[in-house]
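Engineer: Work the whole structure out from these sequences, hints included.
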Amino acid sequence: MAVSNYKWIRVVQSVFSHVFLIFVALTCLFPLLWMLRSSLMTNETIFIDKALIPQTLHFNNFYLAWTQGKFGVYFLNSIIYTASAVFAIIVIASLAAYAFSRLQFPGKNFFFYLFLAAMMIPLPGSFVPLVVLMNKLHLANTRIGYILCMINVGLSLSIYILKTFFDKMPSALEDAARIDGCSKLGIWFHVALPLARPAIAVVVIFNTLNIWNEYILATLLLNHEHLMPLQRGLMVYQGAYSVDYPMLMAGLSITAAPVVLVYLFMQKHIIKGLSEGATAG
Amino acid sequence: MKRILPVVLAVFLLAGCSPLIEQKDTITIWHWMTDRQDAFTRLAQQYEQKTGVKVRFELYAPSDIYSRKIVAAAQARALPDIFGILGEKKRLALFVESGFVADLTDEFEKNDALWEKSFFEKALNVNRFEPDNAYKVKPGIYGVPLDVTNIQMLYNEELFVKAGIKEPPETFDQFLENIAVLNRLGIDGFVSGWGENWMIDCFSSIYALNIMGEEKVMATYRGEVSYTDEDWIKVLSLFKTMRDHKALVPGIVTKGNKYAEQDFALGRAAFAFNGSWCVNVYDKMNPALQYKVMLPPRVDPDVPMQIWGGAGSSFVVNQTAGNRQRIIDFLKWLTGKEQQVFLSQETKNLPSNREALSEIPDVLLQFAKAMDITTHPSLWPYNESPLVTEAFCKGIQAIIIGEATPEKVATDVQRLKEREMKRERQ
Amino acid sequence: MRVASVKNPSAVNIKDLFGNYLFILPAVLIFSLFYVYPFFEIFYLSLYEWNGISTTRHFIGLGNFFEIMQDKVWWMSVWHAAYITLIALTFQNALAFALALSCDRDIRMRRFYRFVFYLPPVLSEVVVGLIWRWILSASMQGGEPVGLLNYFLTKAHLYHLMRDWLSDPRTALTSIAIVHSWKGFGWGFIILLAGLQTIDRQLYEAARVDGASSLSILKNITIPMMVPVFIMVMILTILGSMQVFVLVLSMVGQGLVYHTEVPVTRILDSMIGTSRFGYACAQGIVFGGILVVGSFILHKFSKKVRQE
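In order, the protein sequences belong to chains A, B and C. Counting in this note's numbering, the first sequence runs from 1 upward without gaps. Counting in this note's numbering, the second sequence runs from 1 upward without gaps. Counting in this note's numbering, the third sequence runs from 1 upward without gaps.
Warning: the hint list may mix true and false statements.
List of simulated lysine-lysine pairs, DSS-like, C-alpha gap at most 30 Å [stated by the list, open to error]:
#  : chain 1 : residue 1 : chain 2 : residue 2
1  : B       : 50        : B       : 246
2  : C       : 72        : B       : 162
3  : C       : 300       : A       : 108
4  : A       : 108       : C       : 304
5  : B       : 408       : A       : 70
6  : C       : 303       : A       : 168
7  : B       : 90        : B       : 246
8  : B       : 162       : B       : 284
9  : A       : 108       : C       : 15
10 : B       : 422       : C       : 72
11 : A       : 268       : C       : 300
12 : B       : 117       : B       : 166
13 : C       : 15        : A       : 168
14 : A       : 168       : C       : 72
15 : B       : 337       : B       : 110
16 : B       : 117       : B       : 54
17 : A       : 70        : B       : 422
18 : C       : 303       : B       : 246
19 : B       : 54        : B       : 337
20 : C       : 303       : A       : 108
21 : C       : 300       : A       : 168
22 : A       : 7         : C       : 219
23 : B       : 90        : B       : 408
24 : B       : 216       : B       : 234
25 : A       : 168       : A       : 184
Treat the hints as calculated values from the structure; they're not laboratory data.
Structural biologist: What follows is the structure, given as C-alpha cells:
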C-alpha cells in the first residue's frame, strides 16, 4: 500500500514538473520559430500573415543576406575575433584564476579585488580614451587591436567564475601531482584545467556570446568593411528609417546558429564533468 | 584540433597585423545612412571612372554609435575627410569652434554663388551661421546638404471613405470631429512615434509657432517668457485635448517611429504624423496602402501652419584634411543635378538640389511642395537647452498618460529652465 | 586555498614567488592598458564640465558629483534598475534553479530542455523586443486586441485586467523586469547546472540509502554545497540587471516619461543626447560605486551565511 502510494506521488510530481518544463520550453522556442518563419517571408506579409508556416517560403533571403548583405565576409571575421579572443581569455584567465585560488604571493588579494572591481564598474565613457589610445599605439583599425580589447572585456568576469570553481574543487589530485614532481605550470595544465572543464565550458559559452554579439567597440575601432564582424550586417538591416524585417530575421538566424552550436558542443563538457567526476570520486 | 588552433589563429593575427596600405589620394567619407550606402557606393564607382579619384563611403550604424565614433575620432584626431554631424545645431557649432570643420563659404560663393544657388535655401541655412549668432561661431556656411526632409501629417484614404470623411481637416476642431466619427466605427485616430522625444518636440514646436508666433517662442528660449505663460499652457493642453478625445492610439508614448509606421501602414490608425522618409517605409511594408499628405490642422485658423523641415542630412569637410580642392570637387559633383536625381530615385529622399525636383517620384512631390513653409530649430536664432527640451517632451508624455496636468508640466519645466539659465551664466 | 594554508609561508622562496606572479602577469598587463588607463582618464574627465567635443575643458572639481546627488531623475533610474534586479534575483534565479535541478536529474528529454533554455540569452534583443511588444501590445484592429495577452484576457472575459501594459506606469517597469528575467534565466541555468554537476553523486546515493527524502537531500546536501555558486549567480545577476538597457530601448524606446529610465540610458543620454560628457563620466563612476557597494554587501552577507 505504502509503496504504491509513494509511486503515485512520484507520478503526479513528474507530470507537474514536465508540464512546467514544457511550458517554459515553449516560451523559449516560440521566438526562435517566429524568427525563422519571418526570415522566409517578405516585408509585406511579415506582419499580416498570421500563419506560423508561410505559404511561400523565400529561402532567397538567406542567400541575399550572405552575398549582398556581406554576411559571408562578416561571418569569417566574427569567427576570427571570437575564436582568438575566447582562446586567449581561457588561457590568461585560467592562469590568473588558478594563481588567485591556489598560489601564495603578496598583493594577491589586492589584484583579485582589482579584477572584481573592474567586473563591477562599467565605464560607458571609456570609449573615448580607448580610441585615443588605440590610435597612439597604431592598433586602431586592426584585427589585433580589436581582439585585445575583447580579451580585456571578458577577462575579469572569467577570472571570477574560474576562481569560484577552482576554490570549490578538491585539491587532492594536485597534491599528488606535486609530490610526483610536477611543476606548477604542469599542474595547472594537466590537473587543474581538465578538472575545471565544466567551468571552462561555462566561460567559453559566456564569452562566445558576448564577443559574438559585440558591435559598439567594433564600430568605434574598425573602419574597413572587410574587418567588420557580423553584428555590423545586422545593424545595416535595421536602418535609421526603415527596417528590412525578413532580411534582418535571416541575418539574425545566421548569426544565432554558431552560438547555439558552440553551446551544444560545450554543454556536453558541463555534463561530462558530472559522469567523470562521479566515476573518479 | 587543439594543436592546429593556435597555428590557425597566429596566421589570422599576422594577417590582421600587416599594416593596411592606406591610399593617400582616397577620399574617405563616414556616414550613418544605412538606406543610402548602396547608392553612394555606385556613385563613388562612377566618380572614379570619370575622374580617377577614389572615394570610399564608410557606413557606421546605428546613428547613436555613429555619433560616438565621431566624438572619439575627434579626440583622437582621426576624423575622415568628409563626415556628418548628427544632433542639434549646437553640436555643429562645437565642432566648428574646436577647429574640426572647414568653412566652405568661399566655395559656395564662387562664380556668383553658383553652388549656393543650386540648393533649397532652407537646406543650406541649416549649416549656416549668421553674423552675431548665439553660438558665437564665425559666420559662414559649414556643411553641404545632401537631401531635404519635412514632417507633415498623412491620412489613410480607405479609412476616410469608410467613415464618410470627404476632405482632410484644416483646423484642429475639424480634426477632433473626424476623430470622433472614426472612433464610433472602432477606428483609431492618430499615430506617431512619440516614444522618441524629437517627434514630440517636432509636433509641439510647430503648434507653439502656430499659437504664439516665432517671436514669443524665441523669447521663451532666451528666458524672457515663462513656460507658465498661457500660450504655452495652450500648447500643452493640446495633448490633453487629444487624450480626452481619445484621438491617440493606445501605447503611443512608448512607440518608436518604426512601430508607429507599422501601425499606419497596416491601417490601424487614420492619421499619422511623420516625415518624408515614410514614403519609402510605407511602400516597403504595404505597397497597397492608399494615403495622402496633409498639413497638420491649424489651432489658430488665421495663422498659416509652419512645419519642421530642412536638410535631412549634411556632410562637413575635415578642417585638417589635405587636398581640400579635390574633396570640394567631389561634393560639388555629388550634389549636382544628375547625382541628386539618382539618389532621390534610388532612396526615395527629397533631393537638396532644387533642379532635381522635376524628375522625382510623385508622392515625394507632395512633400516637396511644402518646403517653402518649413522651419527648423537649426534655422532659429536661439535653441532651447536640450535638458529643457527633454523635460518638456517627457512632460507631454505624462500629460498623455494622464499623470500630470499641463499646468504642472509648465511649472516643472520652467523651474528646470531657470536652473539651466543660472548654470549658463556661471 | 587549502593547500596554500597548509604550506609553511617561509618555504616560499624568491624564485617561486616570481613564478607565481607570472601566472597573473598577462592578465594584469592587458588589464592595466585597457581598463586601468581608461578608468583614470574617465575619473579625470568627471572633474570637468566638458561637452565631449571642445578642445577646452572647464574644471569644476566635484561639481558634477554634487549635481548627481541632487539629480532626481538619476536616482529614480537607479531605483528602477534596483527594482528590475530584485525581480531578477528572486523570480529569475528561482526559475533558473528549479530548471537546473530538473535537468540535473534523470528526466526524459533533458537534452532538449538544456538546449531550449539557453535560447533566450542567444536571441537578439531585437527579436525579443518585437515579440514581447506584440504580446503586450494594446493596439486594436477590427475591434479585437492585437496583443496576445489582452486577446486572451478578452477570451477569458477578464476585461478589467486588460491594459496598455508598456505605457501604463503601474505595469511598464514590471513588464520589462519580467521579460528581462525571462531572457536572462538561461545564464543562471547554465552556471547552476555546472555547479550541480560538480557535486559528488555518491553523497546523494549515501543519503538515499540512509532513507533521506528528496527534500532533505536538497536542504542538507545540494543547497549547502551550492552556496558559492549561488553567490556568484547572484552577483552576476546584480551586475547584469543593474546595467540593463538594450532591452529597455527595444521595448519602450526612449521611455515612458521617466518611469522606465535606467542608469545606462541616463549616462548615454548625458554623453551624446545633452552633450555633457564630463557629467556622464561622473555618473558612470557613481554607478560603478553603487555596484561595488551592492556586491560587497552581498559578499559580506554570504560569508555570514556560510559561517552559520
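Engineer: Now, for every hint given, state plainly whether the structure supports it.
Structural biologist: Status of the hints after comparison with the structure:
Simply put, residue 50(B) and residue 246(B) have alpha-carbon atoms about 58 Å apart, too far for the 30 Å limit, and the pair is violated. About 48 Å separates the Cα atoms of residue 72(C) and residue 162(B), which puts this hinted pair outside 30 Å; it is violated. Only pairs whose Cα atoms come within 30 Å are accepted, and residue 300(C) paired with residue 108(A) is accepted, the gap being roughly 19 Å. Restraint check for residue 108(A) and residue 304(C): satisfied, since their Cα atoms lie roughly 23 Å apart, inside the 30 Å limit.
Between the alpha carbons of residue 408(B) and residue 70(A) the distance comes to roughly 52 Å, so the proposed pair goes past 30 Å and is violated. Restraint check for residue 303(C) and residue 168(A): the C-alpha separation of about 15 Å stays at or below 30 Å, so the hint holds. Between residue 90(B) and residue 246(B) the CA atoms are separated by roughly 37 Å; this puts the pair beyond 30 Å, and the hint is violated. Taking the CA atoms of residue 162(B) and residue 284(B), the gap is about 24 Å. The hint holds against a cut of 30 Å.
A distance of roughly 17 Å separates the Cα atoms of residue 108(A) and residue 15(C); the hinted pair therefore holds under the 30 Å criterion. Proximity of residue 422(B) to residue 72(C) is assessed by CA-CA distance (about 18 Å); at most 30 Å being required, the pair is judged to hold. Restraint check: the Cα-Cα separation between residue 268(A) and residue 300(C) comes to about 34 Å, which exceeds 30 Å; the hinted pair is violated. This hinted pair does not check out: residue 117(B) and residue 166(B) have alpha carbons roughly 40 Å apart, beyond 30 Å.
Of the pairs offered as hints, the one joining residue 15(C) and residue 168(A) holds, with about 28 Å between alpha carbons and a cut-off of 30 Å not exceeded. Between residue 168(A) and residue 72(C) the CA atoms are separated by roughly 43 Å; this puts the pair beyond 30 Å, and the hint is violated. For the hint pairing residue 337(B) with residue 110(B), the CA-to-CA distance comes to about 18 Å; that is within 30 Å, so the pair holds. With a CA separation close to 28 Å, the supplied pair residue 117(B) and residue 54(B) stays within the 30 Å bound.
Only pairs whose Cα atoms come within 30 Å are accepted, and residue 70(A) paired with residue 422(B) is rejected, the gap being roughly 52 Å. Straight-line distance between C-alpha atoms of residue 303(C) and residue 246(B) comes to about 56 Å, which puts the hinted pair past the 30 Å bound. Between residue 54(B) and residue 337(B) the alpha-carbon distance is near 21 Å, which keeps this suggested pair within the 30 Å criterion. Distance check on the hinted pair: residue 303(C) and residue 108(A) sit about 19 Å apart at the alpha-carbon level, within 30 Å; holds.
For the hint linking residue 300(C) to residue 168(A), the alpha-carbon distance of about 18 Å falls within 30 Å, and the restraint holds. Under the criterion of a C-alpha separation no larger than 30 Å, the hint pairing residue 7(A) with residue 219(C) is consistent with the structure, at around 22 Å. Distance check on the hinted pair: residue 90(B) and residue 408(B) sit about 29 Å apart at the alpha-carbon level, within 30 Å; holds. Straight-line distance between C-alpha atoms of residue 216(B) and residue 234(B) comes to about 14 Å, which keeps the hinted pair within the 30 Å bound.
For the given pair, residue 168(A) sits about 19 Å from residue 184(A) by alpha-carbon distance, which is consistent with the 30 Å threshold.
Comparing the model with each numbered hint stated earlier shows that hints 1, 2, 5, 7, 11, 12, 14, 17 and 18 do not hold.
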